[in-house]
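Asker: These are the residues of each chain, in order.
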Amino acid sequence: MAVDEALLHSASQPTGRETLRFYQWSEPTLSLGYFQHHIERNQHQASRTCDLVRRSTGGGAILHDQELTYSFTTPIGNRLSNKAAQFYELLHDSLIEALSQLGVTCSSCPCTFKVPRQKEPFLCFQRRAPGDVICAGAKIGGSAQRRHRTALLQHGSVLLTKSVHAPELPGIEELTGLRISADRLISAWLPVIEQYLNLQQKKTTCSEEESAWAKSFVNDKFGCHNWMNRR
Amino acid sequence: MNHEELLYAETHEWLHLAEQNGDKIATIGISAFAVEALTDLVYIQLPEIGQKVAVGESFGEVESVKAVSDLYSPIEGEVIEVNESLADDLEALSTDPYGKGWVAKIKLTDEGGLADLLDADSYQKQCSDG
Numbered sequence: 001m002a003v004d005e006a007l008l009h010s011a012s013q014p015t016g017r018e019t020l021r022f023y024q025w026s027e028p029t030l031s032l033g034y035f036q037h038h039i040e041r042n043q044h045q046a047s048r049t050c051d052l053v054r055r056s057t058g059g060g061a062i063l064h065d066q067e068l069t070y071s072f073t074t075p076i077g078n079r080l081s082n083k084a085a086q087f088y089e090l091l092h093d094s095l096i097e098a099l100s101q102l103g104v105t106c107s108s109c110p111c112t113f114k115v116p117r118q119k120e121p122f123l124c125f126q127r128r129a130p131g132d133v134i135c136a137g138a139k140i141g142g143s144a145q146r147r148h149r150t151a152l153l154q155h156g157s158v159l160l161t162k163s164v165h166a167p168e169l170p171g172i173e174e175l176t177g178l179r180i181s182a183d184r185l186i187s188a189w190l191p192v193i194e195q196y197l198n199l200q201q202k203k204t205t206c207s208e209e210e211s212a213w214a215k216s217f218v219n220d221k222f223g224c225h226n227w228m229n230r231r
Numbered sequence: 232m233n234h235e236e237l238l239y240a241e242t243h244e245w246l247h248l249a250e251q252n253g254d255k256i257a258t259i260g261i262s263a264f265a266v267e268a269l270t271d272l273v274y275i276q277l278p279e280i281g282q283k284v285a286v287g288e289s290f291g292e293v294e295s296v297k298a299v300s301d302l303y304s305p306i307e308g309e310v311i312e313v314n315e316s317l318a319d320d321l322e323a324l325s326t327d328p329y330g331k332g333w334v335a336k337i338k339l340t341d342e343g344g345l346a347d348l349l350d351a352d353s354y355q356k357q358c359s360d361g
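So the sequences go chain by chain: U and F.
Just so it is clear: in the first sequence, position 157 is 157 by my numbering, and no numbers are missing.
Just so it is clear: in the second sequence, position 106 is 337 by my numbering, and no numbers are missing.
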């Protein structure tokens with residue numbers, strides 16, 4: 001989370017650029033959406049022993065275990081522009097195409113109904129929003145954003161296989177019988193993203209400055225009791 | 232409030248300035264354009280009374296279906312009142328953004344930020360230009 005925040009900070013600098021980051025988690029971890037109350041985790045028994053973090057992006061809780069997480073950061077001229085909202089669509093449509101190449105048929109959720117906030121399920125993958133990636137009736141891909149004045153962070157997750165810590169959520173493997181590794185998905189997805197977002201791929205690591213920012217975000221934000229329990 | 236008589240920040244907050252007991256008090260809200268662009272707001276984090284804010288600093292947050300966005304203070308001052316009713320009536324932000332949808336009242340401690348605010352016509356142009 002701190003690295004993603006550092007990349008968001010980096011994107012907001014005058015020399016800011018787009019960065020796409022894929023990662024998985026060393027331990028099964030529950031990430032809360034920015035506005036979720038930490039005590040809500042108690043209602044989800046299967047993940048109660050898992051580590052807990054709070055994202056700076058919106059949406060519902062995600063159990064990071066048998067899944068692939070991505071973050072996308074980019075400078076934006078206007079946080080309210082259609083372009084900012086279109087990154088959901090672009091990343092999700094590119095995922096649908098990449099999965100199709102791997103033999104998995106998915107579609108974009110057309111839902112337009114609005115569920116009152118109080119009635120939203122705790123888990124992100126039990127919620128539905130337009131553009132969510134649906135496979136055999138279940139949500140397997142979703143994203144949420146944090147928009148600053150001049151930069152945007154989009155977090156997303158793809159459920160590859162069901163986790164014992166969230167057994168109510170089937171992954172691609174349970175839904176299709178196809179076991180797709182994170183590496184295989186990344187290999188298929190990257191060139192499609194490159195095409196959809198008109199990006200030129202250049203593999204890189206965090207700069208020294210970004211690493212320093214990430215450390216400070218651990219110390220001042222994500223590693224703090226106040227951040228975790230702010231709601 | 233008549234939205235044509237308000238001042239606007241480039242970051243889409245509106246401001247109405249009034250004098251009260253010799254102090255300048257700014258009522259601040261979110262423009263109708265911004266509320267519509269944010270789409271389906273589900274939550275607002277209001278500032279705290281007594282909170283000091285600086286020009287361009289985040290003083291609150293809103294969550295739409297999937298995105299969290301900051302609200303930026305167009306002025307420097309101290310929050311003296313917040314619209315608590317928004318927590319249960321977010322609809323007011325879209326149905327009456329310049330009235331019942333006000334967000335906070337801030338007592339100015341410096342007038343430096345005022346010069347950078349836009350009038351209604353200039354703000355409208357900014358929105359049209361995208």
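No lab work stands behind these hints, which were simulated from the structure alone.
In this text the structure is predicted, and so the values were computed from the model without any measurement.
Wrong hints could be hidden among the right ones.
Unchecked claim - In silico BS3-like links for lysine-lysine, alpha-carbon gap of 27 Å or less: (1) 119/U x 331/F; (2) 221/U x 283/F; (3) 356/F x 283/F.
Asker: Next step is simple, just say for each hint if it's right about the structure.
Answerer: Here's how the hints hold up against the structure:
1. 119/U x 331/F: holds, 25 Å
2. 221/U x 283/F: holds, 20 Å
3. 356/F x 283/F: violated, 31 Å
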